[in-house]
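K.L.:
Go by the hints and put chain B onto chain A.
One-letter residues, chain by chain:
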Amino acid sequence: MTAGILLQIAQTLLAILLAPLLLGWVNQCRAWLQGRGAPPITQPYRSIRKLFHKDAVIAHNASPLFRFAPYMIFACMALAAGIVPMIVNDLPFSPAADAIALVGVFALARVFLALAAMDIGTSFGTLGARREMLVAFLAEPALLMVFFTASLISQSTELPHIVETLAHSEFAIYPSLAFAAVAFWMISVAENARIPVDNPTTHLELTMIHEAMILEYSARHLALIEWAVALKLFTYSALGIALFLPWGIAAAGDWGALPLAVLALFAKMAGGGFLLAFMEAISAKLRLFRVPEYLGTAFLLAVLGMLIHFLLEV
Amino acid sequence: MFEPVILPVQLAWGIVLFWLALGFSSLFTQQTPRLRGLIFPLGALAALCLAGVGVIGLIDPASAIVLPIGLPDLPFHLRLDALSAFFLVLLGGSAFGVTVYSIGYFKDMERGSLALLAFWYHLFLAGMTLVLLADDAYAFMVAWEVMALSSYFLVTTDHDIPDIRRAGFLYLLIAHVGAIALLLCFGVLQGGGLEASGDFTFASMRLAEMTPFWGSVVFLLALFGFGAKAGLVPLHVWLPEAHPAAPSPVSALMSGVMLKTAIYGLLRVTFDLLNVQQGWWGTLALTLGLLTALYGVIFAAVQSDMKRLLAWSSIENIGVIVAAFGLTLIFYTDGKGALAALTMTALLYHALNHAFFKGLLFIGTGSVLHATGSRHMGHLGGLMRFMPWTAWLTLIGALAIAGLPPLNGFVSEWLLLQAFLLTPGLNQPYLNMVIPVAAASVALAAALAAYVMVKFFGVVFLGQPRDAKLNHAHEASWPERLGMIWLAAGCVLLGLFPTQVIGWMAPVVQLLTGQTLINDGNWILLAPVDAARASYAPLIFFGVLLVTVLLVFIWVRRIYHGRVRRADAWDCGYPEQTSRMQDTAEGFGQPIRHIFEMFMRVEREEPDPFDRHPRHTSASLDKIWFIVYLPIARLAGWISDQAGRLQHGRIQWYLIYSFATLIFLLVL
Numbered sequence: 001m002t003a004g005i006l007l008q009i010a011q012t013l014l015a016i017l018l019a020p021l022l023l024g025w026v027n028q029c030r031a032w033l034q035g036r037g038a039p040p041i042t043q044p045y046r047s048i049r050k051l052f053h054k055d056a057v058i059a060h061n062a063s064p065l066f067r068f069a070p071y072m073i074f075a076c077m078a079l080a081a082g083i084v085p086m087i088v089n090d091l092p093f094s095p096a097a098d099a100i101a102l103v104g105v106f107a108l109a110r111v112f113l114a115l116a117a118m119d120i121g122t123s124f125g126t127l128g129a130r131r132e133m134l135v136a137f138l139a140e141p142a143l144l145m146v147f148f149t150a151s152l153i154s155q156s157t158e159l160p161h162i163v164e165t166l167a168h169s170e171f172a173i174y175p176s177l178a179f180a181a182v183a184f185w186m187i188s189v190a191e192n193a194r195i196p197v198d199n200p201t202t203h204l205e206l207t208m209i210h211e212a213m214i215l216e217y218s219a220r221h222l223a224l225i226e227w228a229v230a231l232k233l234f235t236y237s238a239l240g241i242a243l244f245l246p247w248g249i250a251a252a253g254d255w256g257a258l259p260l261a262v263l264a265l266f267a268k269m270a271g272g273g274f275l276l277a278f279m280e281a282i283s284a285k286l287r288l289f290r291v292p293e294y295l296g297t298a299f300l301l302a303v304l305g306m307l308i309h310f311l312l313e314v
Numbered sequence: 001m002f003e004p005v006i007l008p009v010q011l012a013w014g015i016v017l018f019w020l021a022l023g024f025s026s027l028f029t030q031q032t033p034r035l036r037g038l039i040f041p042l043g044a045l046a047a048l049c050l051a052g053v054g055v056i057g058l059i060d061p062a063s064a065i066v067l068p069i070g071l072p073d074l075p076f077h078l079r080l081d082a083l084s085a086f087f088l089v090l091l092g093g094s095a096f097g098v099t100v101y102s103i104g105y106f107k108d109m110e111r112g113s114l115a116l117l118a119f120w121y122h123l124f125l126a127g128m129t130l131v132l133l134a135d136d137a138y139a140f141m142v143a144w145e146v147m148a149l150s151s152y153f154l155v156t157t158d159h160d161i162p163d164i165r166r167a168g169f170l171y172l173l174i175a176h177v178g179a180i181a182l183l184l185c186f187g188v189l190q191g192g193g194l195e196a197s198g199d200f201t202f203a204s205m206r207l208a209e210m211t212p213f214w215g216s217v218v219f220l221l222a223l224f225g226f227g228a229k230a231g232l233v234p235l236h237v238w239l240p241e242a243h244p245a246a247p248s249p250v251s252a253l254m255s256g257v258m259l260k261t262a263i264y265g266l267l268r269v270t271f272d273l274l275n276v277q278q279g280w281w282g283t284l285a286l287t288l289g290l291l292t293a294l295y296g297v298i299f300a301a302v303q304s305d306m307k308r309l310l311a312w313s314s315i316e317n318i319g320v321i322v323a324a325f326g327l328t329l330i331f332y333t334d335g336k337g338a339l340a341a342l343t344m345t346a347l348l349y350h351a352l353n354h355a356f357f358k359g360l361l362f363i364g365t366g367s368v369l370h371a372t373g374s375r376h377m378g379h380l381g382g383l384m385r386f387m388p389w390t391a392w393l394t395l396i397g398a399l400a401i402a403g404l405p406p407l408n409g410f411v412s413e414w415l416l417l418q419a420f421l422l423t424p425g426l427n428q429p430y431l432n433m434v435i436p437v438a439a440a441s442v443a444l445a446a447a448l449a450a451y452v453m454v455k456f457f458g459v460v461f462l463g464q465p466r467d468a469k470l471n472h473a474h475e476a477s478w479p480e481r482l483g484m485i486w487l488a489a490g491c492v493l494l495g496l497f498p499t500q501v502i503g504w505m506a507p508v509v510q511l512l513t514g515q516t517l518i519n520d521g522n523w524i525l526l527a528p529v530d531a532a533r534a535s536y537a538p539l540i541f542f543g544v545l546l547v548t549v550l551l552v553f554i555w556v557r558r559i560y561h562g563r564v565r566r567a568d569a570w571d572c573g574y575p576e577q578t579s580r581m582q583d584t585a586e587g588f589g590q591p592i593r594h595i596f597e598m599f600m601r602v603e604r605e606e607p608d609p610f611d612r613h614p615r616h617t618s619a620s621l622d623k624i625w626f627i628v629y630l631p632i633a634r635l636a637g638w639i640s641d642q643a644g645r646l647q648h649g650r651i652q653w654y655l656i657y658s659f660a661t662l663i664f665l666l667v668l
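Protein chains in written order, with this note's numbering: chain A, 1 to 314; chain B, 1 to 668.
Treat the hints as calculated values from the structure; they're not laboratory data. Note that the Cβ used here is the ideal one computed from N, Cα and C, for glycine as well. A few of these clues could be false.
Derived CB-CB ranges, DEER-like [what the hints assert, rightly or not]: (1) B:M433 <-> A:L17: 43 to 49 Å; (2) A:L263 <-> B:M433: 39 to 45 Å; (3) A:T297 <-> B:I524: 37 to 43 Å.
Excised from the complex, chain A in its bound form (with noise of 0.2 Å):
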């Protein structure tokens, strides 16, 4: 018990450190697609780093709302990284949230971000809620339906278990999750505000999502929504790798698997994120009311994973 709370906080920290990596990985991808000079690969930390040692520079008018936001939003990603199995399936927190819980913990962070872009009262800040709670509002049941298809094949909806029975299937892939797969994808670039539903790079009032809920905040507080950011996009990567790629992941007590699986979780990663980078190259953004219909595609395609479940039976 007490190695599995060690392993599961090392696993946790771990994921809390290396995601900045992640991002700057993503970013340093896309550049050399588009042929620019790319960034070194850890820009993102100086940034975090860089933003720490400023000076906080808040509304007037903010409430404690606002200042408590930013911790808030982290400790819920910390808490959604430690529920994913990552490197090891014996999580011993993961018995007191399972899937659901986590759709619960990233709407929790969710609705807090939203709340403070509301709290000051500009119009940029209010215009980001909304879009977010747009795309949430479509997202969120189309992920719980992703989660509804995995665990109608493992008949659980604890993480784990559902790595434990889809790491040892007989099936390469099965259909259902083939189609969960795809919308998990297009869920994901919504969820974690990538092109082509929304762009990380912009501040153009006409397409920013994400940047304009955050334009109130500085310093300590948007570093840490940048790294519960980067914290976020490296979870949704685990989740993907955890339900569609679990090859790897150590089992329980097997500890001779650890390093291994940190290695495959490096390949995984690094793979993942040069192809959302590359899918980001190739695409257009959206003009925001195609994203409905985009999140809505994600939505059929997945309640169509699960219907196929239950044709096939498998």
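P.N.:
Showing chain B alone in chain A's frame:
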């Protein structure tokens, strides 16, 4: 075993009598301020006692008494079993918070109308309690009418406003259409069995052997009658009119508790009185429930009156509850007792949750209304700075209703979703296809609820005040705060201790479905059915979340400086910003209106290019009102017009009518 001296049902009846006495005495004590001030505190105390009686009733076996009141040979039968007891806990728990709140809320009310209000208020509470206790159709209908009429008078408290009179009338009308259906329902239950039972008591109805046909008739009538009270689509139209019209504590009771009496009735008739159930009833209820949930939440998202928004959100929650009811029926008729127990638990849990968070949100809007004089979200904003207590307590309610962990809304939603995941065990293959879609709709409704709550809380409490007078908004008084704290504490505790709550509910679930939900975990771990399948431990979850927030906070504070500079908000280089440039409530709902426009009738008023004072307004109206209700109203108008032709006001004609009738009858 010792014989208890006083039965729980007698205690509950005593509280009913106490409330009635309080109500009547409030009419005569308005001259003495000291006595007048005691009415609501005593009422609150009685509500707390009632919750206590409910808890005893959950543990004790059912108890019944016969009261020698009513018509000759038709006494009132009262009975308190686990189902009644559970709803008594719900009623008492929610009403205690709301009544404590009322002490402060109605303090400055004019004396005459306060006397009347206190009278109807306590009559309303007594009526709802009697509905839960009634054990024969006669007592039930009397209590049902007391509840409907007293709430009608509460809704029309401000009867000098025409809109409120209109809302009240609509409410009364639909309440009575529903009541007629209930009367017929009980009639069929009494006489529709293979051999007619002797009297109208529920006890003899339970024994009646129903054919599937008559059973279905009973169920449909009950669904209609109770659905009208609960606000099931398409019978929901009174709800968004009546709830905003009533004073806020009354809205809280109507939404939090009165709608639940309809759920109680539905459960009582379907699972207790009827001894035959059919699978298609479940499918019907599931479909209607999901429709109601989605319809309600979509309309909630486009409202700009905060109480109307909450009323629509109540429709959504009732939809979720009825969907759970449908799923329970499906499992139950399929012989899956354990799963029926799980869904029934989710249903009861959600009903209890809704009583707490919706009550909290409604009284929160009451404080805002008192402090600002406005219900329209377009005139509010930034209230968190002026009313921090109200704002933070309302935030708890908003997060709970949005279904976020670790609060109570999440628990019931989690249980319901788990139930949906267990449907592959069903024997009906076609149903299996439908269930994923149903699960998706529940998830969609829950996600939209989060949208609605961000809108509600963000526009009212965050941002800048949209009106200069808001800068003088005052915080709620202490009784008001205490009432809100009670309900908010309920939201938190129901969220953190689900295993205990489910343990208390077990007798109810046992009574209705014949099985209890097996918790495979321990006191801290909620694991319905099987721990390997799914588990949730809110206490651990909350603890870890709290510790993580604290650790992050301490770490940031220890390593880095905590310097903060205050400045103006960034104005994008445009200094002429006013608080009116914030997003409005309409603006926040605009994406939803854009996406779901097919469900609503949007009436826009575009400004003329030459207009000196251009205005743009748009209203999203309920399409069902235009499709269903207006034609019915027109038809009724047409029929009465035709009937009106007979009326000439001339005595000769009326004599001819009577003569013709006489001849006709003689011929017959």
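K.L.:
All the hints need checking, so say for each whether the structure fits it.
P.N.:
Results for each hint:
1. At about 46 Å, the beta-carbon gap between M433 of chain B and L17 of chain A stays in the expected band of 43 to 49 Å.
2. Checked against the given bound of 39 to 45 Å, the beta carbons of L263 of chain A and M433 of chain B, roughly 43 Å apart, stay inside it.
3. Distance hint check: the CB atoms of T297 of chain A and I524 of chain B are about 41 Å apart, consistent with the given range 37 to 43 Å.
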